[in-house]
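Asker: Chains A, B, C, D, E, F, G and H, in that order, give the protein sequences.
Note that the working numbering has the first sequence beginning at 1, numbered continuously upward.
Note that the working numbering has the second sequence beginning at 1, numbered continuously upward.
Note that the working numbering has the third sequence beginning at 1, numbered continuously upward.
Note that the working numbering has the fourth sequence beginning at 1, numbered continuously upward.
Note that the working numbering has the fifth sequence beginning at 1, numbered continuously upward.
Note that the working numbering has the sixth sequence beginning at 1, numbered continuously upward.
Note that the working numbering has the seventh sequence beginning at 1, numbered continuously upward.
Note that the working numbering has the eighth sequence beginning at 1, numbered continuously upward.
In short, the hints are calculated from the structure, not lab data.
Note that this is a predicted model, so its numbers are computed, not measured.
Just so it is clear, CB atoms sit at the ideal spot from N, CA and C, and this is done for glycine as well.
Check before you lean on any hint, since a few could be wrong.
As the list claims (entries may be wrong) - These stretches of chain H come out as covered by chain G in the derived footprint (C-beta under 8 angstroms, 3 or more residues): (1) 12 to 20; (2) 206 to 213; (3) 240 to 246.
As the list claims (entries may be wrong) - A short list of chain B residues far from chain D (calculated; beta carbon distances all over 10 angstroms): (4) H8; (5) R12; (6) H146; (7) E148; (8) D152; (9) G206.
Stated by the list, open to error - Pairs of lysine-lysine, DSS-like flavour, derived with a Cα cap of 25 angstroms: (10) B:K246 x A:K167; (11) B:K246 x B:K167; (12) A:K115 x B:K246; (13) B:K115 x A:K246; (14) C:K246 x D:K66; (15) B:K246 x B:K115; (16) E:K167 x G:K115; (17) F:K115 x F:K73; (18) F:K246 x H:K73.
So the chains spell out like this:
Protein chains: 8
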Amino acid sequence: MEINKLEHLLNRFKSGETDLGQTLETLKQLPFEDLGFAKVDHHRALRTGYPEVVFCLGKTPEQVEKIFQSLEKYNDNILLTRADPELFTRLRNIDNRLVYNELGRTITLEVNERKKTGSVLVISAGTADIPVAEEAAVTASISGAHVERLYDCGVAGIHRLLAQTDKIQNARCIIAVAGMEGALPSVVGGLAPCPVIAVPTSVGYGSHLGGLAPLFTMLNSCAPNITVVNIDNGFGAGFSSAMINKA
Amino acid sequence: MEINKLEHLLNRFKSGETDLGQTLETLKQLPFEDLGFAKVDHHRALRTGYPEVVFCLGKTPEQVEKIFQSLEKYNDNILLTRADPELFTRLRNIDNRLVYNELGRTITLEVNERKKTGSVLVISAGTADIPVAEEAAVTASISGAHVERLYDCGVAGIHRLLAQTDKIQNARCIIAVAGMEGALPSVVGGLAPCPVIAVPTSVGYGSHLGGLAPLFTMLNSCAPNITVVNIDNGFGAGFSSAMINKA
Amino acid sequence: MEINKLEHLLNRFKSGETDLGQTLETLKQLPFEDLGFAKVDHHRALRTGYPEVVFCLGKTPEQVEKIFQSLEKYNDNILLTRADPELFTRLRNIDNRLVYNELGRTITLEVNERKKTGSVLVISAGTADIPVAEEAAVTASISGAHVERLYDCGVAGIHRLLAQTDKIQNARCIIAVAGMEGALPSVVGGLAPCPVIAVPTSVGYGSHLGGLAPLFTMLNSCAPNITVVNIDNGFGAGFSSAMINKA
Amino acid sequence: MEINKLEHLLNRFKSGETDLGQTLETLKQLPFEDLGFAKVDHHRALRTGYPEVVFCLGKTPEQVEKIFQSLEKYNDNILLTRADPELFTRLRNIDNRLVYNELGRTITLEVNERKKTGSVLVISAGTADIPVAEEAAVTASISGAHVERLYDCGVAGIHRLLAQTDKIQNARCIIAVAGMEGALPSVVGGLAPCPVIAVPTSVGYGSHLGGLAPLFTMLNSCAPNITVVNIDNGFGAGFSSAMINKA
Amino acid sequence: MEINKLEHLLNRFKSGETDLGQTLETLKQLPFEDLGFAKVDHHRALRTGYPEVVFCLGKTPEQVEKIFQSLEKYNDNILLTRADPELFTRLRNIDNRLVYNELGRTITLEVNERKKTGSVLVISAGTADIPVAEEAAVTASISGAHVERLYDCGVAGIHRLLAQTDKIQNARCIIAVAGMEGALPSVVGGLAPCPVIAVPTSVGYGSHLGGLAPLFTMLNSCAPNITVVNIDNGFGAGFSSAMINKA
Amino acid sequence: MEINKLEHLLNRFKSGETDLGQTLETLKQLPFEDLGFAKVDHHRALRTGYPEVVFCLGKTPEQVEKIFQSLEKYNDNILLTRADPELFTRLRNIDNRLVYNELGRTITLEVNERKKTGSVLVISAGTADIPVAEEAAVTASISGAHVERLYDCGVAGIHRLLAQTDKIQNARCIIAVAGMEGALPSVVGGLAPCPVIAVPTSVGYGSHLGGLAPLFTMLNSCAPNITVVNIDNGFGAGFSSAMINKA
Amino acid sequence: MEINKLEHLLNRFKSGETDLGQTLETLKQLPFEDLGFAKVDHHRALRTGYPEVVFCLGKTPEQVEKIFQSLEKYNDNILLTRADPELFTRLRNIDNRLVYNELGRTITLEVNERKKTGSVLVISAGTADIPVAEEAAVTASISGAHVERLYDCGVAGIHRLLAQTDKIQNARCIIAVAGMEGALPSVVGGLAPCPVIAVPTSVGYGSHLGGLAPLFTMLNSCAPNITVVNIDNGFGAGFSSAMINKA
Amino acid sequence: MEINKLEHLLNRFKSGETDLGQTLETLKQLPFEDLGFAKVDHHRALRTGYPEVVFCLGKTPEQVEKIFQSLEKYNDNILLTRADPELFTRLRNIDNRLVYNELGRTITLEVNERKKTGSVLVISAGTADIPVAEEAAVTASISGAHVERLYDCGVAGIHRLLAQTDKIQNARCIIAVAGMEGALPSVVGGLAPCPVIAVPTSVGYGSHLGGLAPLFTMLNSCAPNITVVNIDNGFGAGFSSAMINKA
């Protein structure tokens, strides 16, 4: 539940639009609404100032729909990740303001979009890494950050990256997304005067080990300004980058 | 080479204290001085505003000494990590302003210490994790951050952590250090409205796998504001936290 | 073969309903009936006081059907785990008293259900962990335990768990089910004055390694009252919890 | 802080032996005493009814000594695990009631030893597994359980185990300790009508992987009444067995 | 090319049925016939006295067909492993003497079946391990061994195995097939006075790691008379057992 | 962009066929053309003298098509790897000079094929390794090397390999492709007086670990003239062999 | 207790040298003598016809000494493996007939050495693998086999192995010992008409993984007559080879 | 045995300095001299044109000494790797022409040093990687290559590497040595028009996994001209580079 929704509730009570009983009933559902299979958190946005998020993997469409409906009552900004097109179609029928990012597989509700601030730069090493990069970019954006994208800049063709040194110098936070050998963050880290969040992807084969290879590359980086998130975790990178960007 | 050292160099030339040849000779050594076994970077502090760092592991004492002497010429803030007591004794003979942190195994030179700003909170899960936590704390501090410590707050006794909720709420960046199961960052992440850098440690045994167990715990955390560094990498966590704190 | 079935057999012999030959023939099949591909154990329930169990994974529907028919002759309580809906339909045609738990994928026969005793509390970290939690709950219940469920209580939102402290304090045995980072059992272990059985699940991605990440988390827990079962092994946790609950 | 120590404190206040200020000062240190490097928990024994425990690995002798002295003020039952002989000598000088188990590497303080109840059976597969078995046995005993030992009963000579079937049948909880292939718990689990806690040990070589081999053996056991603890974690097994034994 | 086929060739030349050119042409193709994608070995049976074998996995049906046709020219005993039913149907159209083992997925041609000698005993731990056990049994049989089968004798119900001690005592070589924890060979090894070949299977889940868990169990066995083959490698176990049986 | 295309561009400018503006526009697109999702490198062929390459895995057919069209403008030699038949059909519609290698899954455009020089020998251990071997052979060939193939020469039938000693002695560079145990390169390395590039394949099962087993075999080879590429990386082996062959 | 010792015992009773009580007392200690920390098996030699074996790793010298003294009472053939020189000196003082193999680290007692039969061939790939090969050779010999050794025959210099083809052709069982890439057994397997036991060793570095690399090589071998034992398990290979040799 | 030593032998026979018997005796020792624990190869240099090499790890000093003395009889160029200073002192007493490289731990005998040709460039990422780089450089040099060194050029400070682009452009073969994240070869590969041999080192900690992290980085590199050798295998890289350089 975001601050403005809470103010609205209290003002309606004050103005007599709702009575004490109704207001209490609403507040009582806080801090979370128990759907049995899920405890929907209505306080997080209030506590943190960020959108509510639903991670769709491993949840049935019915469960996601109920969670979404519970969230929608109190929130203007909602992000659903790892959402397939069928799920989008289903939810779109409920709320036609929803937007789908096909590559990033995100569904977003962003009512009264606020002005984006600061500068988060999302760099991907290869074309195949773009889905993860998009998840990161969408997350950072809905969390309030101004986002720029720079795709297919892997280090085996270093001139593509060096051509963008000014963008790297001017970002507040950089997200470096890479599969295969995952060397991109090390080079970016050495060029950037800001925190770099490294995201390994599952793009690769053989000894790539489903992304463990670039994950270990990034964890062992010599650049001191790099931190790492889980393989393919564009969401986590986007969320953290928005926090850093806002700091 | 920090900005003020560079200004000093140019001013001395302007005032005639040094001639053109000497000034050029000094500048020519930039951006790095080649010692054969190491290319000492005199531009990094200039580029980034952070101290010069020497990672001592795998270097001979002679190599560290030469690198330190090269750095000392142009820098006021120097940090040496993974330094054993013998190395400290050796370098102390060269420069008696050096300070040793016995638990964190760091050596620091901090001439004209600047005012520390912001708030970095370093939390450790257990007593045995303190060495890594100290490396992080010292690094964050010499990089300009005001640092607070909270040790032995593992989640198996959750009340110890909950008793410190206010500190967690007020930090700009939190470093959560944990060995064994490494669950601390997940709980801290849920309580904190700021970025949390998780540091797994090699404290544990058996299926702990030298720290891989808590590393994977942290990478898989459900909390969205967590990023991770390598096992025992207090330095990386401290450096990144200072960057975030400064943002 | 359960005690009451054995008594019934002997009483029928005593009363003349069956003759010596028939009775011996029945007893001769003990301790197990050899179906060629399986040796069906008719003594286990007798020995242990628990239901007969069929683990369906890796068995053909024909094999499961034959094993079930062999078991049904001497047992009132039968549990089939890892059973898909098609298998349930097939067996339902044989015995319409069978019950299917769709999430937990269990089929149960529970004739003359006995009173459930004690208190086993099943806690899941996330919505996606519920299938494993249900397998555990169903198993504990058919094994004689009174079971309570508490779902979606992951530690990244610690208030959801702390709100249930009284239930945790009053259980005789707790089953803590968690995928992702698997930190739930550590926190529960610290709050509970009873044994906690930790169940890692395969819910996760990337460095989750199919459940190895939460498995290692749980094995390395600092809480002293935690023991662990295999990834997704809700059955084993439910069975052991019922034994502990009964002790 | 155990119940009787707390009663003593309150009675002394009531009788006037201590005044309000002193009593409050003592209580204020609860629930834990902060030594800086450790938060010593004085409430756990009160909460759980079990001894206070210090895990010595990774702590300096000075730290262990201070923690012990802090615990000793309020507790009659203290267990220190992974303690080497030098540490024992050091602490013995402080409190000569301490007892050392050389194989199990435990130090125990057990003032006013209570009567042991129930029946915990500790079985080891080989001679080299005895140290872990002893840690388990000592822990179970100081936690209130009557403990029996059965050593060198590995399954490659199955007659050694079968010769002890009656002991296995009569235990309330069994701890099965095994290195090498770790097959012991599977056989014991099939014979025992009670919960079995399996403890893999690091005894082995080659593809034993420091104990991962028997750990995986135990986690994959077909016996339904087996739960597992970390490699070499005799303490955890002993503690949990005492809880189950007491249930 | 088996001895009797070679004799036949030479006799036909001697008797004038074939002339020198034809005979040489046939012999020239030896020791192997090069199909481009495969070099079919016509000398192995000659050298070793065992059937020709085609491992079908990873080969196209066309390739298998051509290899089979090449082999059939000179061999009476042919074994194809990892063959699906479609492949059998295809080859059956070429040679209707072929036999398919549905569980073991083997196709065999055994012209003029010789008398089976000695005694190879194939034991499986569970019902789901039977496919691998059958591959082993078929291989041992076509290689000349008299084979007995004993299925579903896992160690968690040790009485099922102990009931067969006499068969174990009388075998010349035993193949012990087990998935899950893979403990069967250790117990069998202790009971058997002959070599035991252990075969881990991929039957299991979670920390079973696709069969690595039972593989490591078997490699670490305390029984001295155990050797091990690859996961699911029934063929290798069957072949080696026949060699040992024949010795 | 290859040298001859660049010359053509400049000659057309010189002769007046194109004016300065058009020529500059073309050159400006260099060194790479930014398609948004990909930065197509037009300088590589110029820099390296090798064909342009598109790795199709993880790219959508639309993306591959656009990249191909961009490359085709400036290059005569193009190689697409990991291409399925559908993709070939799609691209064939654009340019009917394209050639598909079904086993190797490569698409090639080779306008004005140059004379192949030197000698690269591609050896495969088994029939199932041929797809990777073909990828290597096609790559080496389009990169200018004269290529010979030697398939199904695994070391378990060493005579097949020894029969080809002269080819091994006369090659400039050998590519040894092997799945299963991956022992082929060790034997070849000992026989060959030239560099051997070892390629592990994912052909195998069980403890083969998707190709990690032969990968580690090859990395640990005692032969001093062996270097290794990623599992199934026929392309990398082919490319490097062509470089060595050309040296 | 070997047959002849048992006969001796009974004859002494028959002849009146010992009375009934003494004889019964001796027999009562069977089938094993319980030393508390070890149950010494006096029946194994009787049951199996092989020497008694003590695996010294992980046992204290005192424990080994007591076990040896218990075994010596009833056995003429005793083998101690993984024994360091200090242990040998200690035991030599008790029984000066003991023999030490310095490379293989074995201690043997072989009273009335029997004639060695059959033919076990032990081949090592490198000089550094000899200790494991010696453990195997000594074990096979004391178990009754005639043993031949062939050292430093790795496949990277294949001519060294091919020069010994006749020995390979004539053995009843071959033990192939190899570290590094472990390719030796594959080649030997292809040349040998008898069972081959492959022994990986821990000789290697880097991706050798302490012997896992050659272990996996051997498990994945294409040769059908290979079985494998644990890394460095010369004893297991020697024992099994003797069983096969005797068959 | 090198060509010139063989000529010398034959010429001495021709001139009558040695008689037929002596000459034959010498030749008979070929192709290898059997020392029992090692078969010293006197033909390799003859066959390959490269120095004889002794890998000292795992060999006793006595064994190395004997192998060296055997080699010295017929070779002018000998390389010993992984040699500690004590070994050098021992061998120096035998032949004072030996040279020790302290960092690279190599001992070399290079009589009548030939002119070095071509250009092998050895680049190291960090100071701590120099020992491996030196092993590579010494090996390449004694194998006939002209070698240049470029140390401490890791990609986190990319300007250090870019400053050397001309050297990279002009080499015939490059060896790129890197520990930590191992990203160096990817960047070098993109800049170099020649084959790059990547050498991962064991320099690192935590998730570095003893060098597996950079090994996997290198194997997964996007640059097409990279092949890889084992962790710390400077020798293999040096030898292969010399072969490529000579091609």
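Asker: Now look at each hint and say whether the structure bears it out.
Answerer: Hints, verified against the model:
no.	hint	result
1	12 to 20	violated (count 0)
2	206 to 213	holds (count 3)
3	240 to 246	violated (count 0)
4	H8	holds (41 angstroms)
5	R12	holds (47 angstroms)
6	H146	holds (19 angstroms)
7	E148	holds (13 angstroms)
8	D152	violated (5 angstroms)
9	G206	violated (3 angstroms)
10	B:K246 x A:K167	holds (20 angstroms)
11	B:K246 x B:K167	holds (18 angstroms)
12	A:K115 x B:K246	holds (23 angstroms)
13	B:K115 x A:K246	holds (23 angstroms)
14	C:K246 x D:K66	violated (41 angstroms)
15	B:K246 x B:K115	holds (12 angstroms)
16	E:K167 x G:K115	violated (30 angstroms)
17	F:K115 x F:K73	holds (23 angstroms)
18	F:K246 x H:K73	violated (37 angstroms)
When the structure is compared with the earlier hints, violations turn up for hints 1, 3, 8, 9, 14, 16, 18 and for no others.
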